[in-house]
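Participant: If you want the building blocks of each chain, they are given just below.
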Amino acid sequence: MTRDRLGAIAGVAESDLGVVGPDRTSLDLQAQAAKAALEEAGLGLSDVDAVFSAGGEAWSPTMAIAEYLGITPRWSDATNIGGSSFDAHVGHAVTAIRAGRCEVALITYGSTQRSQRSRSLGRTGEIRGPAQFELIWGLPLPVGAYALAATRHMHQYGTTAEQLAEVAVATRAWAALNPKAYYRDPISIGDVLASPIISSPLHLLDCCLVTDGGGAVVVVSEAVAGSLRGKPVWVIGHGEAHTHLTIANMPDLTVTPAALSGPVAMEMAGVTHADLDVVEVYDSFTITVIETLESLGFCAPGEGGEFVSRQRTAPGGDFPLNTNGGGLSYCHPGMYGIFLLIEATRQLRGERGEAQVPGARLALVNGTGGVLSSCATVVLAGD
Amino acid sequence: MTERPLPVPDRDTAPFWEAAREGRLRIQRCLGCGRNVFYPRPVCPHCLSSELGWIDCSGRGSVYSYTVVHRTSEEFRDQVPFTVALVELEEGVRLLARLDVGEPRVGMPVEVAFERVSDELSLPHFKEVD
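Which chain is which? The protein sequence lines are E and V, in order. Each residue of the first sequence is one higher than the one before, starting from 1103 at the first, in this note's numbering. Each residue of the second sequence is one higher than the one before, starting from 221 at the first, in this note's numbering.
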């Protein structure tokens, strides 16, 4: 069938990942990734007329990266809805492109949280505003909030710790095929269950990594894509939603905003679940993956644990998921959503070597931000 | 040891913390639509009314979910393991609080028990209903 091409991803790149050292900055990593992504696309800085970014140290991340790279955009969007921001940026970029307001959008992210040891599980001192009901109990964030979701899911549906561990084991198996992954040694369900409990029922190996890293994605109009030598990956659907900021205000701890963003994106794309060849979803924690698959409708509510059992999502399984090794094993520099797009694009170009999903034509990306607070879904098609 | 984070009562939340100091759990009720509202705020998130009153809760509810915390930020490290729960009050709102029980479970009936932090401040904890 003919699907509307809303825009194209013309270039993607990571910066250095893992532990980059104390002499690097988040802007430096963004610039490194942006240069590589633009060069891959065959575009120059003067072609960029829109910038999208979130996170980093600057109070205005888009002004920071635009100044750093010498870009004067006519469209600027620093929407921050957590780790899904960059997936939302793709939707915003193609919307601006379709409105004729820009043609070449540069999306960037970078973080040196690992080298700066800036990641903290809590807050000190006086807590003002609504946060005073959330941050005074010692609940480690974000892991404690996801742990509350996991406890509820286990209670409501009988989901087991072993089923959560299946996600971590399968994701590590994909990481073994990715030379850029932070952890590549295989793990077993027993290893996950034997790792220390952080916030019950989540073990250390149910949790994403804490690494440095950056990424960039270049989104262009169909006309620009047609003028480039590379193989475009088409954006054919997108949706976004957020339902709460704080975990006490999540309407249902077992349903993520993907239940809202997913159907919008898939209807726009004109695709069904069975059409999709590869799926990349934010795996901040193993429970995130199970709830996301349910909320996107790949299985019924409560069936996510069974869905991922018997290593169904691992290499060789019939549901290729998080094929770069995910936030659980490849990299997780605080806000991971941009790396979902990078991996899905490479899969649809057929570039992933050992980890290539044979004949991948359609991919779904779903970012999740905050404490299961926001989701942005993007459907991509190969050329 | 870093200082434990504590709430700063403001125009919205002062009535909640004043009641807590007296051992009462108090939430807002919208005079426009009759719905209960927590956390406190000046505009009803259901109907946009700015007429919100306060009601005393029964102090009873049930555990909607919980987690036993083993690793957390520095200022709480001397307390681990401890349990944080989302409690669904009989009045229909959910709040996060400490759960002071040995073996927590979802659905457990609980009631409020205030922890006095200072002369000015008491925090709502929950314990199992006997």
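The hints are simulated quantities; they were obtained by calculation from the structure and are not laboratory data. Heads up, a few of these hints could be off.
Here are some chain V residues pointing at chain E (derived, C-beta under 10 angstroms) [what the hints assert, rightly or not]: (1) R224; (2) L226; (3) N256; (4) Y259; (5) P260; (6) C264; (7) H266; (8) L268; (9) R291; (10) F296; (11) Q299; (12) P301; (13) E340.
To be clear about the criterion: a stretch of chain V counts as covered by chain E if any three or more of its residues have a C-beta under 8 angstroms from a C-beta of chain E, and this derived list gives those stretches [claimed, not checked]: (14) 275-288; (15) 312-321.
Sample of chain V residues at the chain E side, in silico, Cβ under 8 angstroms [as the list claims (entries may be wrong)]: (16) D230; (17) C267; (18) S269; (19) S270; (20) T292; (21) V304; (22) V326.
All residues carry an ideal CB built from backbone N, CA and C; glycine is no exception.
Participant: Look at each hint and say if it fits the structure.
Facilitator: Structure-based check of all given hints:
no.	hint	in the structure
1	R224	8 angstroms, holds
2	L226	6 angstroms, holds
3	N256	14 angstroms, violated
4	Y259	5 angstroms, holds
5	P260	9 angstroms, holds
6	C264	15 angstroms, violated
7	H266	13 angstroms, violated
8	L268	18 angstroms, violated
9	R291	5 angstroms, holds
10	F296	3 angstroms, holds
11	Q299	6 angstroms, holds
12	P301	8 angstroms, holds
13	E340	13 angstroms, violated
14	275-288	holds (count 5)
15	312-321	holds (count 5)
16	D230	7 angstroms, holds
17	C267	17 angstroms, violated
18	S269	19 angstroms, violated
19	S270	17 angstroms, violated
20	T292	4 angstroms, holds
21	V304	5 angstroms, holds
22	V326	4 angstroms, holds
When the structure is compared with the earlier hints, violations turn up for hints 3, 6, 7, 8, 13, 17, 18 and 19 and for no others.
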